[in-house]
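Chemist: Residue numbers (numbering that gives the first Met the number 0), protein chains in the order written: chain A, 0 to 99; chain B, 0 to 99; chain C, 0 to 99.
Hint data in this document are derived by calculation from the structure and do not stem from the laboratory. Beta carbons: idealized from backbone N, C-alpha and C, even for Gly. Incorrect hints may appear among the rest.
Each pair of labels, with its calculated beta carbon distance range [stated by the list, open to error]:
hint	chain 1	residue 1	chain 2	residue 2	range
1	A	Ser88	B	Arg19	39 to 45 Å
2	A	Gln74	B	Asp18	38 to 44 Å
3	A	Phe99	B	Arg80	30 to 36 Å
4	B	Tyr81	C	Met0	22 to 28 Å
5	A	Phe99	C	Asn1	37 to 43 Å
Quick list of in silico lysine-lysine cross-link-like pairs, BS3-like style, CA-CA up to 27 Å [to be verified]:
hint	chain 1	residue 1	chain 2	residue 2
6	C	Lys97	B	Lys97
7	C	Lys75	A	Lys56
8	B	Lys97	A	Lys97
9	A	Lys56	A	Lys97
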Amino acid sequence: MNTHPMILLTLVAESILKDRLIHEIRSAGARGFTITDVSGEGSRQRRVSELLGDNVKIEVIAKREVADKVLEVLQKEYFSRYAVIAYMSEIQVVREEKYF
Amino acid sequence: MNTHPMILLTLVAESILKDRLIHEIRSAGARGFTITDVSGEGSRQRRVSELLGDNVKIEVIAKREVADKVLEVLQKEYFSRYAVIAYMSEIQVVREEKYF
Amino acid sequence: MNTHPMILLTLVAESILKDRLIHEIRSAGARGFTITDVSGEGSRQRRVSELLGDNVKIEVIAKREVADKVLEVLQKEYFSRYAVIAYMSEIQVVREEKYF
Numbered sequence: 000m001n002t003h004p005m006i007l008l009t010l011v012a013e014s015i016l017k018d019r020l021i022h023e024i025r026s027a028g029a030r031g032f033t034i035t036d037v038s039g040e041g042s043r044q045r046r047v048s049e050l051l052g053d054n055v056k057i058e059v060i061a062k063r064e065v066a067d068k069v070l071e072v073l074q075k076e077y078f079s080r081y082a083v084i085a086y087m088s089e090i091q092v093v094r095e096e097k098y099f
Numbered sequence: 000m001n002t003h004p005m006i007l008l009t010l011v012a013e014s015i016l017k018d019r020l021i022h023e024i025r026s027a028g029a030r031g032f033t034i035t036d037v038s039g040e041g042s043r044q045r046r047v048s049e050l051l052g053d054n055v056k057i058e059v060i061a062k063r064e065v066a067d068k069v070l071e072v073l074q075k076e077y078f079s080r081y082a083v084i085a086y087m088s089e090i091q092v093v094r095e096e097k098y099f
Numbered sequence: 000m001n002t003h004p005m006i007l008l009t010l011v012a013e014s015i016l017k018d019r020l021i022h023e024i025r026s027a028g029a030r031g032f033t034i035t036d037v038s039g040e041g042s043r044q045r046r047v048s049e050l051l052g053d054n055v056k057i058e059v060i061a062k063r064e065v066a067d068k069v070l071e072v073l074q075k076e077y078f079s080r081y082a083v084i085a086y087m088s089e090i091q092v093v094r095e096e097k098y099f
């Protein structure tokens, strides 16, 4: 099966940020995303470590340029204020034209 | 820790396709899978972009040949009719014999 | 965007193991994790294949040494007794200092 490299960008953040993050993702040019309700704990919540917060995971398949645009916005406007996790991995997709 | 390369195949589709996709995955020879309820938006749903659909994510750890078999079935019978996302990434597993 | 390689360790296990696995993850030195409720089927559940069990997915971003520590504990105390899936993949993170 013929596949093509693409970036899977994953964000994990407080659920209250969901709509704003979806807006940033669309503005950066991504054509789709997947949302999962998750809970979790990060370095910021260490003191209340028994409480698993209400978080959301947003996954975006995009070209590296689009992923970079999202990360730049996060860097400028989110990272210093909110507990947002962001990471990228390389995936192989079929039908790459769906993600442009 | 000694690990072995394997493929993580991820499908995201409308929930209504869940049972059929599980059947395809088993038929291809996969020995297990993980199901997550997700919501999302893709290039097809652009016009109703405010609605986050009821989707399912199915993850399968398998050898490349098994993943390819699943992708071939998707190619033939699903991609033209349904909003199915499919991608692969390389992972490292312990106890590889569990996935054969 | 400047990114740094890190390991994404994913565990999938029966929900009843959640608290114990979180304890192992913290003990190994991980600073955070994400929990997702999932269902699934693995090689052990083949005979009751119509039943999708109540499982939990735990994702940890960490350095390889920390991931290895978790895997060693799983190897020693879990793999022979429980249906635990464990795999690693390489991801690129921003703000790597959050994960040390």
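Chemist: Could you run down the list of hints and mark each one as holding or not?
Modeler: Results of checking the hints against the structure:
no. : hint                             : verdict
1   : Ser88(A) to Arg19(B): 39 to 45 Å : 28 Å, violated
2   : Gln74(A) to Asp18(B): 38 to 44 Å : 42 Å, holds
3   : Phe99(A) to Arg80(B): 30 to 36 Å : 21 Å, violated
4   : Tyr81(B) to Met0(C): 22 to 28 Å  : 34 Å, violated
5   : Phe99(A) to Asn1(C): 37 to 43 Å  : 25 Å, violated
6   : Lys97(C) to Lys97(B)             : 33 Å, violated
7   : Lys75(C) to Lys56(A)             : 31 Å, violated
8   : Lys97(B) to Lys97(A)             : 33 Å, violated
9   : Lys56(A) to Lys97(A)             : 21 Å, holds
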